[in-house]
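All chains should be built: construct the whole structure from the sequences, respecting the hints.
If you read the sequence shown in the numbering used here, its first letter stands for residue 607, the second for the next number, and so on.
Don't read these hints as lab results, they were simulated from the structure. Check the hints yourself; a few may be wrong.
[As the list claims (entries may be wrong)] Taking CB as the label site, the calculated pair distances span:
1. D760 <-> G648: 46 to 52 angstroms
2. A930 <-> G798: 39 to 45 angstroms
3. D760 <-> D820: 20 to 26 angstroms
4. E856 <-> R1043: 37 to 43 angstroms
[Said to hold, decoys possible] In silico DSS-like links for lysine-lysine, alpha-carbon gap of 30 angstroms or less:
5. K925 <-> K956
6. K1002 <-> K945
7. K925 <-> K953
8. K982 <-> K925
9. K925 <-> K889
10. K1065 <-> K925
11. K964 <-> K1002
12. K925 <-> K964
13. K699 <-> K742
14. K874 <-> K1176
15. K945 <-> K925
16. K1002 <-> K982
17. K874 <-> K1067
18. K1002 <-> K925
19. K1063 <-> K874
20. K1023 <-> K1002
21. K956 <-> K982
22. K964 <-> K982
23. K953 <-> K1002
24. K956 <-> K1002
25. K982 <-> K953
26. K945 <-> K956
27. K1002 <-> K889
28. K889 <-> K982
Glycine included, each C-beta is placed from N, C-alpha and C at the ideal position.
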Amino acid sequence: MPIQTEPLSVLDILRSIPDSVLTIDRDRRIVALNGPAEALTGTAEIAAGGRACGAILRSEICDTDRCPFDRAFIGGETVTNFNVLMGDAADEKTPICINTSPLKNGKGEVVGVVETIRVVSHINRLIEELREQRNKVQAVLDSIAEGVFTVDRDGCITSVNRTAERILGYPAGEVLGRPCQDVYPPEICGPGSSLHETLQGGRQVRNREVTVADRHGTAVPLSLSTGPFQDEAGTTLGAVCTIRDLREIERIAEERRSRTPFVGIVGKHPRIREVFDLVEMIKDSDSTVLLQGESGTGKGLFAQALHSLSPRRRHPFVKVSCAALPETLLESELFGHEKGAFTGAIKDRKGRFELADKGTIFLDEIGDLSPSVQVKLLRVLQEQEFERLGGTQTIKVDVRVIAATHRDLRQWMREGKFREDLFYRLNVIPVRLPPLRERKADIPLLVEFLLDRFAAKGKGKATSVSPRTMAILMDHQWPGNVRELENALEHAMVCSRGSVIEPEALPRSLLTGPAVLTPHAATSERPPGRSSAGPASERERILRALESSHWNRGLAAAHLGMDRTTLWRKMQRLGIAPPGH
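Written as structure tokens, this is what we have:
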């Protein structure tokens, strides 16, 4: 049996709609409104009937040409998502969204308008919160030193920071929402790129180096790292790409090198300062340099400093120890070899001179070269060319040569062990590095520097040495120079039980010298390791300490194993005054 239903009126339908609905006639007067509209406008349906629409909605667009009523009534348009502010009796503004449709009779004539109104305060708040959150994320991205951009699962760019804009030359406004491969170079976004691999396979790719052309066509070396955005199920939703401009990294490294070219070389003694000044004078020259000095004086460090200061600093610095290899291997090491040149030469191999092209080669212990290798080296110095071992093709190179030796090459020339013509080719700019015993005033500086370096490497807890220990270090002759001092301090730091290194922690070789003080000798202010003597010998000893330290009373006191006040009192008593006083 069919269900009997009562016919529904238009008002019944209006009242069942959860959104606010108003019907307005051609004169902009309210015909009907439902319950939600009553609550929104604060006006009952009975009171609203026949009143002007603008008096109910109290919007700033009422009675203006911006009102959507005219577009619906006169133009017959349906207007959607029209956002305005509606006022109430207290003039409080509420954001609303209006959808307006023309109301037609049976003949199709427009006789009024139906308006559906929805309050969007909560939506606007959500949009504002999302906007604030996005601004915070963007601020974080913009604070990152590397370039960063993100893409969705389809590869469309969703965010980009300022550093990426600067590196690649594309403003964010031109790339957001666009497919990455339509904007950025293929090395960044194309098939085979790290970003493509991440989107396809969901895996991270780290530090892939590529060279791309920026927007202006400039070649830019980059290091790219990419990682996926994934949901809890492991589905890739997008990816992030981090861009490091290798030009900037090299600039920073070069700036550091230029600020501290003498890394590991410490000293204020006039003899070592003369070497610093000479290195500064010859840094821009391509002339061959011969570093002469005892083992352990830092010849390798000065060679590195010369290269770091020179115009060749962007090119290789290649080291060769001429004393470490036999003659046959050394020749192959320096000049390379062709496949089959000797047993074991299974393929062609470049020599160190080829590897150093456009840069600097450092030939340490040059005095140990055999006569045959000396001949080949002489040709390289004269002509800048050579042949590989077993080869016939002449190879030309552009290399600056820095050589070093601890030997007296002039004596070796006289004995026929070193070619005279090669010596003069090498000795264009001779630099003599003083042994540590000639600049003992630098020992406290070296001790401080080396202890800090050992501490940074976690080799011990000691931070200083006692006066007795300093006296021993100052009195030792250091035949092994700075290298011997470094080894002695490392030994002492490992063996020291506290933060101050006492003599007992030093190597035994240093404790057998004349500078060892017993605690009794130290407290009685006797000279290091000597018995009490007359005023004449004491005066001589203090004078020697002052002269060796260039009249630096602090260093002289440390050398003598006493404090500055005691030294000053003794100087006064013995009539000792600095020169010129």
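Hint check:
1. D760 <-> G648: 46 to 52 angstroms: Because 48 angstroms falls inside the window, the suggested range holds.
2. A930 <-> G798: 39 to 45 angstroms: About 43 angstroms separates the Cβ atoms of A930 and G798, which means 39 to 45 angstroms holds.
3. D760 <-> D820: 20 to 26 angstroms: holds, 24 angstroms
4. E856 <-> R1043: 37 to 43 angstroms: The hinted range 37 to 43 angstroms holds for E856 and R1043, with Cβ atoms some 40 angstroms apart.
5. K925 <-> K956: Roughly 14 angstroms separates the two Cα atoms, so the pair holds.
6. K1002 <-> K945: With Cα atoms ~20 angstroms apart, K1002 and K945 stay inside 30 angstroms; holds.
7. K925 <-> K953: Roughly 23 angstroms between the alpha carbons, so the hint for K925 and K953 holds.
8. K982 <-> K925: OK: K982 and K925 at ~18 angstroms, within 30 angstroms.
9. K925 <-> K889: holds, 18 angstroms
10. K1065 <-> K925: Given pair K1065, K925 holds - Cα atoms ~28 angstroms apart, limit 30 angstroms.
11. K964 <-> K1002: With a Cα-Cα distance of about 11 angstroms, the restraint between K964 and K1002 holds, given a limit of 30 angstroms.
12. K925 <-> K964: holds, 14 angstroms
13. K699 <-> K742: holds, 28 angstroms
14. K874 <-> K1176: holds, 27 angstroms
15. K945 <-> K925: holds, 24 angstroms
16. K1002 <-> K982: Given pair K1002, K982 holds - Cα atoms ~13 angstroms apart, limit 30 angstroms.
17. K874 <-> K1067: holds, 27 angstroms
18. K1002 <-> K925: holds, 19 angstroms
19. K1063 <-> K874: Answer holds: K1063 to K874 is near 25 angstroms, not above 30 angstroms.
20. K1023 <-> K1002: Holds: K1023 and K1002 sit about 28 angstroms apart, inside 30 angstroms.
21. K956 <-> K982: holds, 16 angstroms
22. K964 <-> K982: Roughly 20 angstroms between the alpha carbons, so the hint for K964 and K982 holds.
23. K953 <-> K1002: holds, 21 angstroms
24. K956 <-> K1002: Holds. K956 to K1002 sits at ~13 angstroms (cutoff 30 angstroms).
25. K982 <-> K953: Distance ~22 angstroms between K982 and K953 Cα, so the pair holds.
26. K945 <-> K956: Roughly 11 angstroms between the alpha carbons, so the hint for K945 and K956 holds.
27. K1002 <-> K889: At roughly 23 angstroms apart (the allowed maximum being 30 angstroms), K889 and K1002 satisfy the hint.
28. K889 <-> K982: holds, 26 angstroms
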